[in-house]
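Asker: Single-letter residue listing:
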Amino acid sequence: MYRKRTRTLVYHIILIVVSIVSLTPVLWGISGSLQSNQNLFSGSFTWVPPAPQWHNYAEAWHAVDFGRDMINSFTIAVIVTVGCAVFSAMAGYSIATFRFRGRRALFAAIIGTLLLPFPVILIPVFIIAKTLGMIDTYVGVILPGLITPQAVFLMVEFFRGTPHELLESGRVDGASEWAVFRRIALPMAWPIVAAVSVLTFVASWNNLLWPLVVIQSQQLYTVPLGLAQFNSTNFSNYVQILAMSIVAILPVIVLFVVFRKKLVDSIMMSGGALK
Amino acid sequence: MIDPGEGQALMSLGVKMAAGDRKTLAKRQARAGVFFVLPALLYFAVWMFGPIIYGIWLGFTDTSFLGSSKFTGLDNYRTLFSDPSFIHSAVVTAEYLVYTTVPVMLVAFISAYALHHARGRISHALYLTVIFLPFVLPSVAAAIIFELILQPGGLFNDVTRTTVAWLTDPSTAVISLSIATAWGLVGYYVVIFLAGFQSVPKQLIEAASIDGSSKLSTLFRIELPLLRPVILFSTVTVVATVLTNFATPFVMTNGGPGDATTVLPLLIYKTAFQYSNPGYASAMAVVLFIVSVVLTVIQFALIRTRGEKS
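From first to last, the protein sequence lines are chains S and U. If you're matching positions, the first sequence starts at 2 in our numbering and goes up one per residue. If you're matching positions, the second sequence starts at 21 in our numbering and goes up one per residue.
No wet-lab data here; the hints were simulated from the structure. Incorrect hints may have been included.
Some, not all, of what chain U presents toward chain S, calculated at C-beta under 7 Å [to be verified]: (1) A134; (2) H144; (3) Y147; (4) L168; (5) A215; (6) F217; (7) T264.
Since the structure is predicted, the reported quantities are computational estimates derived from the model, not experimental observations. For every residue, glycine included, the Cβ atom is placed at its ideal position computed from N, Cα and C.
With the hints as constraints, model all of the structure from the sequences given.
Answerer: So this is what it looks like as structure tokens:
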């Protein structure tokens, strides 16, 4: 009994330490965003700022038209999320339930790109986008990253588990294949669609490399791009950079708090897919 | 897992059907299947498979973004393997991989073990939420925060009681990137490993404890062997993720001091878009591609073993 208690104590100590390490940088960022530049690296740094400098946020917001960046990022992320959810659900449904030539090869090829680092195809994708006249356009930012292999993979895994009898009953009733998908299969898939959507939204919101090469005019700047540029040109203005970073983090935290369980479950599913 | 469901419904229905009907049904199914997969197929053809092949071709050329392109055979590769900046970058990338992957795996495994064995439902959800959070944060924002934390006189110096200028000292700059990267990745793998621990059959653990096996020997004799595929799978994924990471080095050090942290993705970007040499950069990308192919082959082998078992 005594040994068991010691063990539980050790587990909790480990978890508390890891939790503290996970949270500290974010808390420091919030605290830092309310300090003054002189204060931040002096010995007089305190976790709770004695006089919170809220104006850092207002100044950062106007310094680079951060509102515009937020709207751009939001628009792009929403379109990518909806597009990815629809097309990956359709593809996953198809690969999991229909028999057609090349189905296995296609699925193998798609999951073959799961581990492909984007820098590998950065240059050819840029040249293709350029040829198609997509440089410095919304379409150019959105289209090349629309469907992720992860999304297709998760959808296939999910639809493999759906009972075929249910779909068949729809077909027997004379419903079209699209109606079977739309009214029977898709509603069942809601939890996985939600999880995939959150993952896609977050990935789009956080993406830097592709927007960096495809966007040229500031009108199209996304949050990570605006943040990275501001950071490289105004690095000594620490507190404003921190304020911007915190604003960039907030939408993701809200999403995360709302969808945490679905997100964790879907990742557990992809981890569980190994046994 | 590679093998999708064979349409059991089709077969069960087929019993009641004439051969002709079965043929039409199969045809209808095939048509519907192609219809549903078509958008994804087109997408992957244009933005994934096509670019991979095109990129390999570009590696054999001297290309400019302005339109000119000349086939130069293996010239790029000859230059590449005697180019000190490329070789240096490969070494830095390897260091970055090791410094990131090892701590991520260790911390995630230990945390997941503790989380799985510590009782308490509320604390469980709370720990999981907090530990997972860094994974969803934008890496640009995280990199900025870490860049400031690691400044001389910053939080990291305070906590560790050191005076190292982490980011500007070439000997610690890569470690700095790894700290920030690992911080952002751990939570994801805690969740993966937790799924692994939960999938270990309870009877096995109970039988072991009845036989007088200690927690530690249960871990090493039962849990660890059963989790081996998950651990391997995760290692491969972490390596691939680190190889993809552009934002952290770009924001925190932009490759500096000097070229101390110019990892491959950064070198590819700079060679193509700052030094305007996309052909040469493509040859570098092909090297990165070969590494990712090796990782993918390992991953497929892992997925297949699982498929055979089930």
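Asker: Under the criterion of a CB-CB separation shorter than 7 Å, is U/Y147 in contact with chain S as hinted?
Answerer: holds, 5 Å
Asker: Return the status of the interface hint for U/T264: holds when the least beta-carbon distance to chain S is below 7 Å, violated otherwise.
Answerer: holds, 4 Å
Asker: May I ask you to test the interface hint for U/F217 with respect to chain S, counting a Cβ-Cβ separation under 7 Å as satisfied?
Answerer: violated, 10 Å
Asker: Hold the hint about U/A134 up to the distance rule: shortest CB distance to chain S must be less than 7 Å.
Answerer: holds, 4 Å
Asker: Hint validation: U/L168 versus chain S, beta carbon distance must be below 7 Å. Holds or violated?
Answerer: Nearest chain S Cβ about 6 Å off; hint holds.
Asker: Should the interface hint for U/A215 be scored as holding, given a Cβ-Cβ cut-off of 7 Å against chain S?
Answerer: holds, 4 Å
Asker: Would the hint on U/H144 be counted as holding, given a Cβ-Cβ threshold of 7 Å to chain S?
Answerer: violated, 9 Å
Checked against the numbered hints listed earlier, the structure breaks hints 2 and 6; every other hint is satisfied.
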